[in-house]
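Okay, so the sequence shown: first residue is 18 according to my numbering, each after it adds one.
None of these hints come from the bench; they were simulated from the model. Here the structure is a predicted model, which is why all the values come from computation and not from measurement. Glycine is no exception: its CB is placed at the ideal position from the N, C-alpha and C atoms. Be aware that a few hints might be false.
[Unchecked claim] Restraint-style ranges between C-beta atoms, simulated for each label pair:
no. : residue 1 : residue 2 : range
1   : ALA194    : PRO323    : 33 to 41 Å
2   : ASP184    : SER299    : 45 to 53 Å
3   : SER183    : SER27     : 40 to 48 Å
4   : ARG413    : GLU119    : 45 to 53 Å
5   : LEU231    : ALA267    : 49 to 57 Å
6   : SER183    : ARG151    : 18 to 26 Å
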Amino acid sequence: MTFSGHTPDSREYRRLILGLFFAGIATFAQLYSPQAVLPQIAADLDVGPATAALAVSAATLGLAAAVIPWSVVADRAGRVPAMAVGILAATVLGLAAPFSQEIAVLLVLRFAEGVALGAVPAVALVYLNEEVSRRHAAAAAGSYIAGTTVGGLLGRVVSGVVADLSDWRTGVWIAGALCAVSAALFLWLAPRARGFVPGRLRTAGGPGIRSRLLAPLRSPQQLALYAQGFLLMGAFVAVYNYLGFHLAAAPFLLPAWLVTLLFLAYLAGTVSSPWAGLLASSRGRYPVLLGSIAIMSAGAVLMLAPLAAIVLAGLLLFTAGFFGAHAVASGWTPAAAPPESRSQASSLYYFGYYAGSSLFGWALGLVFGSAGWPWFVGTVLVMCAAAAFVAATALRAEPSGWT
18 MTFSGHTPDS REYRRLILGL FFAGIATFAQ LYSPQAVLPQ IAADLDVGPA
68 TAALAVSAAT LGLAAAVIPW SVVADRAGRV PAMAVGILAA TVLGLAAPFS
118 QEIAVLLVLR FAEGVALGAV PAVALVYLNE EVSRRHAAAA AGSYIAGTTV
168 GGLLGRVVSG VVADLSDWRT GVWIAGALCA VSAALFLWLA PRARGFVPGR
218 LRTAGGPGIR SRLLAPLRSP QQLALYAQGF LLMGAFVAVY NYLGFHLAAA
268 PFLLPAWLVT LLFLAYLAGT VSSPWAGLLA SSRGRYPVLL GSIAIMSAGA
318 VLMLAPLAAI VLAGLLLFTA GFFGAHAVAS GWTPAAAPPE SRSQASSLYY
368 FGYYAGSSLF GWALGLVFGS AGWPWFVGTV LVMCAAAAFV AATALRAEPS
418 GWT
């Protein structure tokens, strides 16, 4: 009997969603834990804001470089084994990184950590699309993205709060320990794959890795989805990289512990990502994607205000809009790809996603440092507008097979 995917009333579906939830925590808590302590890293290692932000960009660059190789590993070894190896290796590197005494050593370890972490975003949504019934795939993808938001939130808040009580090294290390526990829970919960057999794509006459990579790259719709990740994630990471520097300066002069608590705005993404997935299942992905970008842009405008309360409201909207857009685009990518190219299509999306994070997470720091916050926000708005234009050009016609 052909396997048609787990449904929400099954035990395996619940274990899969919960397992990927903890995989998201294990991955994104350690990926972004230094982001909350960038001002402390800059002061301790005597570097500028853009250089300190490389502690985040180095990891996301490593992740971007690794997602496609990890997709090949997952095709050969299996989805869950590939994610397990990546998470375990990243946890070891994440626990070692805070002991770095020089910025160069820290960046090398963070890059290697990002390479290992690439296993989860490269494989998770492919695994989900293969194991969950097609009708429930968009909603399940939203639930997975919600787990990534919790991971990003916990990593930032834990490292920031602990750093305020001791130092940034202890904060990042404690966040790494939290990731080790989450990794163990993922390994225990994740059910074995039934929708994919390792090595199946290597059967005689089947497409090779080159063909599976080129097929998505020839699709204007796939390229448009990759552009969403590249532009929107770049804007999102840049805001979270430099907002702390902005709020610690005049006219706000907020203390470090209060700036750390602003990362609780991530909870907006925890709510918006599954909501966007459910709405996309009933209304279509395209309108939900454009609406999410509009909400993100409105939030960016509010962050121009000189009042901290309005900036926080803007951050909440910005975060909710981003994660809504990401939940739609990331889940749409493998669903729209040919079955033999789903792993590579998802990896290409995350390549663009983390390449944008690495590039703009650093480059917009130069805008912030030289031109100030208004020009920084203006650049973010241009990036949002560009993403919306690309979506309107290539994704307006949403074939029935894409939903």
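Handout entry: Outcome of range test on Cβ distance (LEU231, ALA267; 49 to 57 Å)
Key = holds (52 Å)
Exercise for the section: Could you see if the CB distance from ALA194 to PRO323 stays within 33 to 41 Å? Expected result: Distance hint for ALA194, PRO323 holds at roughly 39 Å.
Exercise for the section: Could you tell me whether the CB distance from SER183 to SER27 stays inside 40 to 48 Å? Expected result: Holds, at about 45 Å.
Exercise for the section: Using the beta carbons of ARG413 and GLU119, state whether their distance is inside 45 to 53 Å or not. Expected result: holds (50 Å)
Practice task
Confirm or reject the claim that ASP184 and SER299 have a C-beta distance inside 45 to 53 Å.
Solution key: Because 48 Å falls inside the window, the suggested range holds.
Handout entry: Whether the CB-CB distance between SER183 and ARG151 falls inside 18 to 26 Å
Key = violated (49 Å)
In summary, the one numbered hint that this structure violates is 6.
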